[in-house]
Each structure stands twice: as C-alpha cells, then as structure tokens.
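Student: Here is what each chain is made of, one letter per residue.
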Amino acid sequence: MSDRIGVRGIGVLGGFGCGKAALFEAIRNPKGPNGSVAVRTPAGEEQVPAYLADTTRIEDFMPKRKLRRVDRFSRMVTLGVRLACADAGLAAEDMKRLGVILATGYGSNDSTFRFLDSCLDHGDAGASPLLFSSSGHSGVMSNVTILLGIEGPLLTVCQPQLAVPFAVMAATQWLREDRVEAVAVGGAEEYVLLLGYVRQARFGESNRGPIRPFDFDTRSAVGGEGAAFLLLTKQLTESGPILGDIQWGRWPDRPPSLSRGATVILGAEGHRCEARYYAEVAADPDLRCASYAPIFGSMPSAMAFNMAIAAAGLETSSLPAPDGCGADLLAEDSPADRTAIACLEAHKDGQYGTVVMTAAGKNKNK
Amino acid sequence: MSAEPVLITGAGCITAAGRNLPETMASLFAGTRSPAAPTRFRTDHPIAYPVFEIPDTWIAEQIPDASPHRRCADLGWIASREALNMAALDESGLPSARAGLCLGTVVGAALEDEDFYTSFHAGGCPDVTPAERFLQANPAFMLHKRLGITGPYMTVTTACTSGAAAIAQAASWIRAGVCDLVIAGGVEKLSRLSYDGFVSLMIADAEPCRPFDRDRKGLNLGEGAGVLILESETSARNRGAPVLGRLLGEGNTCDAYHLSRPRPDGDGLRRAVQEALKQAGLGPPDIAFINAHGTGTLDNDLMEGKLFASMFPHTPFHSTKGCAGHTLGAAGGIEAVLTLGCLREGRLPASAGFTHPDPDVGATPVTDVTPVRGSVALSTSVAYGGNNTALIFARGPADE
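Same order as they appear, the protein sequences are chains S and H.
So in the working numbering, spot 267 of the first sequence is number 267, and the numbers just go up one at a time.
Heads up, the working numbering is the position in the second sequence plus 366, with the first residue counted as 1.
Keep in mind the hints are simulated off the structure, nothing from the lab.
Built from N, CA and C at the ideal position, the CB exists for glycine as well.
Treat the hints with care, since some could be wrong.
[Claimed, not checked] Here chain S is said to cover these stretches of chain H; the calculated rule only asks that three of the stretch's residues, wherever they fall, bring their Cβ under 8 Å from a Cβ of chain S: (1) 372-379; (2) 392-401; (3) 481-492; (4) 496-507.
[To be verified] Residues of chain S placed beyond 12 Å of chain H at every Cβ, according to the derived structure: (5) F61; (6) R69; (7) D121; (8) G149; (9) E151; (10) P165; (11) F214; (12) T218; (13) K234; (14) R276; (15) V281; (16) S334.
Model the full assembly from the supplied sequences, consistent with the hints where possible.
Tutor: What follows is the structure in structure tokens.
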C-alpha cells in the first residue's frame, strides 16, 4: 500500500444545496445567497442575505426519531460525514472504525447559547441538563459519533485561523501511523442569530454582498454555513485525487511556495483585512487563480469547502470559476498545471496555510 | 510494532493546589485540599458547590497585565514558562525553533462573556468587542502569537480528554518530523456556564469530592494548566536537554454510546488503553501505576474501577481530582505532568477524598503514599460525550 493519502469520498452541504452534484451545479450556475437572516440593529430588525444549509437529507440516512434532540450544527456535521462515507461507498456498518476530525472557527454556539438562555431565563438552578449535554464544541462530535456509530479516534480543532489545514495534517498522520484505515476530516460552521448580529454590527451594509472576491479593495463578504468533509484513506482509487503538501507560514518572512504555473483556489471571500495577500497571489502572472466563496459564503473553515471543490474538480477534470471570480482552473487550453490545485487560506496577520490536491492520474500507487 | 518514543524535556503546571509543579506535588503528597465556593462568579444555587479556584494573585505575580478575558491563555503561559525553563529553553528562541503548540480546552474556546450575551439576550445591541476578543483569546491562537511560534498550533476541544488528546496530537507532530519540539497540554478556567451545567446534571458534589469512594456524589470543578515539552530525540540530544521522561504510547477512541455517560462496560476506554499499550509495545503488567480520570461521579468511577479491576488487578491507581478538582480541558495536561512527577519521585500520593471502598467498583485507589515499583505509568482521560484517551509515560534516564 502506498504512503500517499487519497480522497475516497466528498460530503458537502451549504447554501448551494446538499451533495457533490448540487455543489457542481452551483459552480456552473452560481446563484449567490440562498436565504436571509434577521439581524438586530439599533434601528430595528433587518434581513440580510446569507448562505444557509438545509439538513433535511440526513433523514435519508437515519430515522427521524433518532434526530429528535439533535441540534442543527450536529446535524450538519453528521450529514457532511455521512455523505462523504456514502460517496466513498462505505456502508453504515463499516463506519465503526472510522476516525473523525472536525475543524471549526466558531464551533457549536447555538446549543451553548440556548443553554445560557436557560440559565438566564430560569436562574442558575433552572439550567437545562439536556441543553448542557449537547452544548459546547465537543457535544457536536458526541452526537456525530453516536448517530453514526463511530468508535474510532476523534478530534475537534476549534480556532479562528488555519483550523482546516492543521486538521487535515492530523488526519494524514493518523493514517500514516495506521491508527485507522479511514478518516473523515472537514470543516463546518453554523450561522446563528448572534453571529448575524455581530457581522452586521461590524460590517454594516457590506454584509449584504454580493461577494466579489477579486475586488480586493471592497468588503463584500456574506456569511455562510454548512459542512464539507473528505473521506481520506491510504487506499488509492483510479479517479480519487491525492492529498499533496500541507504548508503554513507567514508573509512576508516565508510567503507561500507556489510553483510557476500552479493552479490556486484562493480563500478570498470579500474581506478587506487579508485581501492584500490574495491580491499578491492573484497578480502573479505565473499562477492561475479562482475563488469559489460566492458559492458557499464567508466562514472561518471555508478551506474545507475549497478542498472539496478542488477534489471534485480533479475527479471530473472540470472546474469553471464563477463570473468575476478568476479563471476556469482546469480549462483544456490552460497553460497552468491541470494536475494539481493548491488551496490557500490567508489572514490579516500574514499567516497562511496551503493544502495541495493532485489528480489521481499523476500519482498511481508506487 | 511499537512506535518511536517521544522525549519529555520539560513540564509545568498551575493548579489550585499550587502555583507550579513542585508546589502542586507537595500539596498532593500532603493531602492538602481546600475547595470552596466560587468567588469569581455568583450564582443563585441554594447550595454553594465547592470549586478549586486559582487565586488571582498567583496569576498576577507572573503576568502583571493578566486579564480575565484571556485567563486560559494566561494560565497556559505560566505553565509553559515553567516547562520551558525546566527544558532549558529560552522563550526568545522559540521563533527560530521548529516548535509547535497544541493545547486542549473546553471553556477557553467557548464564547461565554456573560455581560455581552446577557445584553443581547435581553434584546439589546451590545458592543461587539467581546465577540472579537473571544476569537483572539483562543488559547493556542493567542499563545502561539505570544511565544512567536512558527510551527503548527492547535486548540483541541474534545471535552475532558482535550488536554490528553492535545498531547497525543503533539506527539504525532514530533514522530512525523513536523516539529522538533511541541508545547502540549491543557488549559481551563472556571466559568458559571460549566458550573451550572454540571450542577444541572446533578453530578457536582456539595462536599469536597471523593473519587472512587462508596459515598461519592460527584465532581468539584477546577481550573489550571498543565503542559509538557515534547521533543524529538535528535533535538534533545543536540541541545543536551535533560530527558525527564518519554511518551511511549497514545490511544484515542469513542464510545458512541451516550451524550453524558460513559459506556458502563468500559469498552471504549479499554480500547484506548489497548491501543496505547500496543503502541508502547507493553502489556498491562508493565504499568507501575495508573493516574485515573477519577472524577468522583458515580458513573465514571464505576466504569473506570471495573476496568482497572479486570485489566490491571494488581496495579495501584489514584486520582488527583480530590486535590486539584476536575479541570475539564486542562485535566489531561495537568495529570500528564503529575504522572511524570510521580514517576520521577518514585512514589504515588494517596488518592485524596477516598475513604470507603465501593463494593460495586471492585477496585480501590491507594490510600497512603505508595512507592512506585516500575518505570512506566498510564494516565486515562474520559470525556463527557464518550471520548477516551490513554497516555503511557516512562521515567527518563536521569531518574533511573
């Protein structure tokens, strides 16, 4: 068996819909935010656009009664993991020894806030044990492992920057150490009421988008939510992409090392604070860049969605970019490397992470 | 096949039992414990459930500009400084080293600014600075900036296994050659949120906690930080660093059973221990003692005690939670540090709070200071929600 790590399955849900087909349809025919959220402002309540996920399809995989007490974020993550397993052809009974890693920037806030609500509304002694049980970031993964019967190792990485690349690195290490045969690793965020309020207070009118990731001088980020998971294994398939290098560093001391002719998915999502780094990469004539944020919205773990897009694109050798969001990355006439895609996440302090995906054909088992 | 051991060249902690490792160890062996009603937050519970709180003065002594908003990171910084000092590492050299940072926490990664949330909950439009501050105060994120660490950094949130899981993850970075050294462990602060939560589940003891005791009623929450400096053999050798111990094996599993109860048959923890033993290339008889998760709750201690009775029938074990409280995301880190401390001292403190054997548990922790007969110890961590982590440590050559 190769020491290389392959992508066996992709599981995604977000404002674009649910599953790989919905993601591709959205890439070909982008529609922007699919919903709106009511946000509080000093002038009253306003509706602002948002990319919202629908978790109904989880009922394809388990009876409704099992979901009665399961919060929305847990449903999103469970569905993302389950879709990735289904895409890989992994049966429910084979999920017992799966490893699972969640990367998130905000984590499970709704269940935590609802628990806090119970303390505020009913006093400390009236705090709800039921809400406490599923609160916190770990509550989500407890739900996921219980609902899917996963008994393998578990990790939740919760931090505002680079959660996804470090989570993916952990997944590759588990596989290389033979702790597990397969790991579902991905990112997820939930758009909660408080987040909408904070975004609106912080960003005002620019919170309405539309997202223009290549307009580096204008703030246009629109909030999103959803989950994106990849099922990784050391068993490579004919069409499944291969995971390449994972790097991190900081501008200007150690900028990303992107080779001449590289194809890059930028994490640009309409935030001005980190735009100058993306602008620098996009301006390099030797690189071919695109952004897909207008498909799924702005969120801390967006790189998981970009990795899913890269993997799905390499699988099908097709990856058009939304209008005004860069080049068709895998166009046949592209002078750039069409066998690998680097996903780049950059932050205002100059920190960045990159994860490279490589087409299967270029990396047969050694 | 056993995995390459990871060296431990530094250890540090701050707990309610002591402002550093020597003080905490001294309290453990003296059996000192003084949990009391929380002072940093108020509640309207009719009973003041005791907690193990760290005096603010202990933090201010070491960090003059300490802030309640970044208490977890501050506690982590204090423990890290002690560990770096023990490892003969200069903080100023970290930016140029191939160093990483991996910290577990629970409250440290949760937005629990009460004033902010209370105002929002009441229909107000509060200033959003606390929400932004929450992201910036994420423990590994904040501490990696303070220390100038250029390697990977990670805040792990797997409930009560967070600290142990962070150490396991850090070991993986060393073995993979990603880092030469990693500051790894756990950090936690007391909060009204977790206090109310555990009281609501009726697993908080109104008296000082009694792990494994027949009359145990639950846990006492605590706060603190405990970190190890994990280092590759090459790096430690090149620096001439003191080798305090070795991390031989790690295991991590899920119960997939219940949101707030461990599997009664202990199968999840058993598999985690077996995985760690396999990685270490050892069997149960090689374990000199066990640092148990031992929270003092009915379910945890019953499950753990039964497992020890069947898997380690002759191995002494203890819980430190009677002295330092249950520090949630920091527990695995603090207890890793204390396990190493006991291995190095060659003795085990009595399990504070234990008096009456529980016939249902079938195993009793040590009741006196006990000599450690062997060089390898196991530390178990069990999370609310069903995650289990086992770590196996060996004493370093300097203490053999």
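Student: Quick one: which hint numbers does this structure break? Sort them smallest to largest.
Tutor: Numbers 1, 2, 6, 7, 8, 9 and 10, in rising order.
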